[in-house]
Amino acid sequence: MLEQVKDWDDDFYERWKPIAMGFVNEAERCLQCGKCTGQCPAAAVTPGYNPRKLIRDLVDGNIKRILSSVELWQCFFCSGCYSTCPMDINFPFFIFMLRLGAMNEGYGWEDVKQLEAYAEKDYLKDGITVSIRERNPFVVDTVGDIGKIREAAGLPTKRVVSKRGVAEINMISDLSGMTSFMKKIGGVDLLDCNTCDDAQARRCKTKPLPSKVGKITTKTRFYNYGEPSGGKTNAKT
Amino acid sequence: MADNYLEAYGKETSQDAGERTLKYFEDLFSMEMPLSRMMKMMPGMVKFMMSSKDTREDLFKFMPQMTPMIKQAVTGK
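Those protein sequences? They're chains E and R, same order as listed. Using the working numbering, read the first sequence as starting at 1 and increasing by one per residue. Using the working numbering, read the second sequence as starting at 1001 and increasing by one per residue.
Source of the hints: derived by calculation from the structure; they are not laboratory data. Hints should not be assumed to be uniformly reliable.
Unchecked claim - 20 Å max Cα-Cα, derived EDC-like pairs, lysine to aspartate or glutamate:
1. E:K215 x R:D1016
2. R:K1023 x E:D10
3. E:K215 x R:E1026
4. R:K1053 x E:E168
5. R:K1040 x E:E168
6. E:K215 x R:E1012
7. E:K183 x E:D111
8. E:K163 x R:E1019
9. R:K1011 x E:D10
10. E:K215 x R:E1019
11. E:K17 x R:D1027
12. R:K1047 x E:D122
13. E:K17 x R:D1003
14. R:K1047 x E:E168
15. R:K1023 x E:D11
16. E:K215 x E:D111
17. E:K219 x R:E1032
18. R:K1040 x E:E116
19. E:K17 x R:E1007
20. R:K1023 x E:D60
21. E:K219 x R:D1016
22. E:K219 x R:E1012
23. E:K163 x R:E1057
24. R:K1047 x E:E120
25. R:K1040 x E:D111
26. E:K219 x R:E1019
27. R:K1023 x E:E14
28. E:K215 x R:D1027
29. E:K17 x R:D1016
30. E:K219 x R:E1026
31. R:K1061 x E:E168
For clarity, every value in this text was computed on a predicted model and none was experimentally measured.
Chain R on its own, in the form it takes in the complex:
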């Protein structure tokens, strides 16, 4: 077990750790909508839609805004 953080990182420099962290933030702040991300959003939306008539109507009001996102996720463009 490492005694301090320098030992824990071994030969890796802050540059390496920084690159990894920046890559992570790039993914985090990405505005792209891959299918996997869209699929993770679906269960909550379905649950919300099934909850009552009010919620169903609420959700359908957002369909015009959501359609391009869904299209992008499915086609990948």
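Bound-form chain E, shown alone:
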């Protein structure tokens, strides 16, 4: 059903290219061969995720479908698609840029919110780029968090970064805008428990969805590329 909707911004991609100063290019050369999807580890375990469809929708200008999709957030930047692509399309870069666009539309903040503790406690304060706080409950139950693994290996729980290193990280973060971005994440409000509905309450137990980030109203994403044809029921799982 969703495949047949013709609601496209035809010149989005062409207009985006000059704005991005040459960083965005070559997606129009996509042959739709599907090699990216064939080798993708994320697609192997998530049937709904399909890089080929995302590229097609970007070039066609099916912007609403891309930005509001959960699938946009399932890539983990292994860059296997980039190395396999016969036309050398840098797909992970498009994912990175489109995620920023999606956040501007209010999608994906429940995932970004999870970085809050890492950003404030590890990265900016101690300069640690790999957090010792493991978030995957399966890993915590079976192996333990990274701090415990480091202790078992005879290393200090946290990696010690020099004072100069921390100062440099803080300066680079400030210059690149990362600090203000992280503060923005830290400042988001959680859903109001008095007003949220049952579906939101169920989501809250695992992934709290902030109601607003600055001027952006946050929204729940949809499985736009999955089976069955997307929607709320699918998004709950």
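Given the coordinates of chain E, work out where chain R should sit on it, guided by the hints.
Chain R in isolation, oriented as in the chain E frame:
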């Protein structure tokens, strides 16, 4: 709560969402240096400068490159 993305966007078309996203990217890739952006950069630079003598000297080496940016941010030209 919307059942799918078409409901979530309501009457808005991809054209509208595209315009908004392009506007966002225009700001993101902008080379302009407004004062607000410059002010966000200052705490890290001050912290870096105060960290040690080495870092202070390092930062001062970049002053010739940074001066025009600061000037642009303050004067808005």
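Results of checking the hints against the structure:
1. With a CA separation close to 18 Å, the supplied pair E:K215 and R:D1016 stays within the 20 Å bound.
2. Annotation: proposed proximity of R:K1023 to E:D10 holds, straight-line Cα distance about 16 Å (limit 20 Å).
3. Taking the CA atoms of E:K215 and R:E1026, the gap is about 18 Å. The hint holds against a cut of 20 Å.
4. For a cut-off of 20 Å, the pair hint linking R:K1053 to E:E168 stands: about 14 Å separates their Cα positions.
5. Using a Cα cut-off of 20 Å, the hinted pair R:K1040 and E:E168 holds, with the two alpha carbons roughly 15 Å apart.
6. For the hint pairing E:K215 with R:E1012, the CA-to-CA distance comes to about 18 Å; that is within 20 Å, so the pair holds.
7. At most 20 Å may separate the alpha-carbon atoms for a hinted pair to count; E:K183 and E:D111 meet this at roughly 15 Å.
8. For the hint linking E:K163 to R:E1019, the alpha-carbon distance of about 44 Å lies beyond 20 Å, and the restraint is violated.
9. At roughly 18 Å between alpha-carbon atoms, R:K1011 and E:D10 fall within 20 Å of each other, so this suggested pair holds.
10. Under the criterion of a C-alpha separation no larger than 20 Å, the hint pairing E:K215 with R:E1019 is consistent with the structure, at around 17 Å.
11. Using a Cα cut-off of 20 Å, the hinted pair E:K17 and R:D1027 holds, with the two alpha carbons roughly 14 Å apart.
12. The suggested pairing of R:K1047 with E:D122 holds, with an alpha-carbon distance near 17 Å, which does not exceed 20 Å.
13. The straight-line distance between the Cα atoms of E:K17 and R:D1003 is roughly 33 Å, outside the 20 Å bound, and the hint therefore fails.
14. Between R:K1047 and E:E168 the CA atoms are separated by roughly 9 Å; this keeps the pair inside 20 Å, and the hint holds.
15. Between R:K1023 and E:D11 the CA atoms are separated by roughly 14 Å; this keeps the pair inside 20 Å, and the hint holds.
16. For the given pair, E:K215 sits about 18 Å from E:D111 by alpha-carbon distance, which is consistent with the 20 Å threshold.
17. For a cut-off of 20 Å, the pair hint linking E:K219 to R:E1032 is broken: about 31 Å separates their Cα positions.
18. Proximity of R:K1040 to E:E116 is assessed by CA-CA distance (about 19 Å); at most 20 Å being required, the pair is judged to hold.
19. Pair hint E:K17 plus R:E1007 does not hold up; C-alpha atoms about 29 Å apart against a cutoff of 20 Å.
20. About 19 Å separates the Cα atoms of R:K1023 and E:D60, which keeps this hinted pair within 20 Å; it holds.
21. Distance check on the hinted pair: E:K219 and R:D1016 sit about 17 Å apart at the alpha-carbon level, within 20 Å; holds.
22. Using a Cα cut-off of 20 Å, the hinted pair E:K219 and R:E1012 holds, with the two alpha carbons roughly 15 Å apart.
23. For the given pair, E:K163 sits about 16 Å from R:E1057 by alpha-carbon distance, which is consistent with the 20 Å threshold.
24. Of the pairs offered as hints, the one joining R:K1047 and E:E120 holds, with about 16 Å between alpha carbons and a cut-off of 20 Å not exceeded.
25. For the hint pairing R:K1040 with E:D111, the CA-to-CA distance comes to about 25 Å; that exceeds 20 Å, so the pair is violated.
26. Distance check on the hinted pair: E:K219 and R:E1019 sit about 19 Å apart at the alpha-carbon level, within 20 Å; holds.
27. Restraint check for R:K1023 and E:E14: the C-alpha separation of about 14 Å stays at or below 20 Å, so the hint holds.
28. Straight-line distance between C-alpha atoms of E:K215 and R:D1027 comes to about 15 Å, which keeps the hinted pair within the 20 Å bound.
29. Taken as a hint, the E:K17 and R:D1016 pair is honoured in the structure, with Cα atoms around 18 Å apart against an allowance of 20 Å.
30. About 23 Å separates the Cα atoms of E:K219 and R:E1026, which puts this hinted pair outside 20 Å; it is violated.
31. With a C-alpha separation of about 15 Å, the suggested pair R:K1061 and E:E168 falls inside the 20 Å cut-off, and the hint holds.
Hints 8, 13, 17, 19, 25 and 30, counting from the list given before, are not met by this structure.
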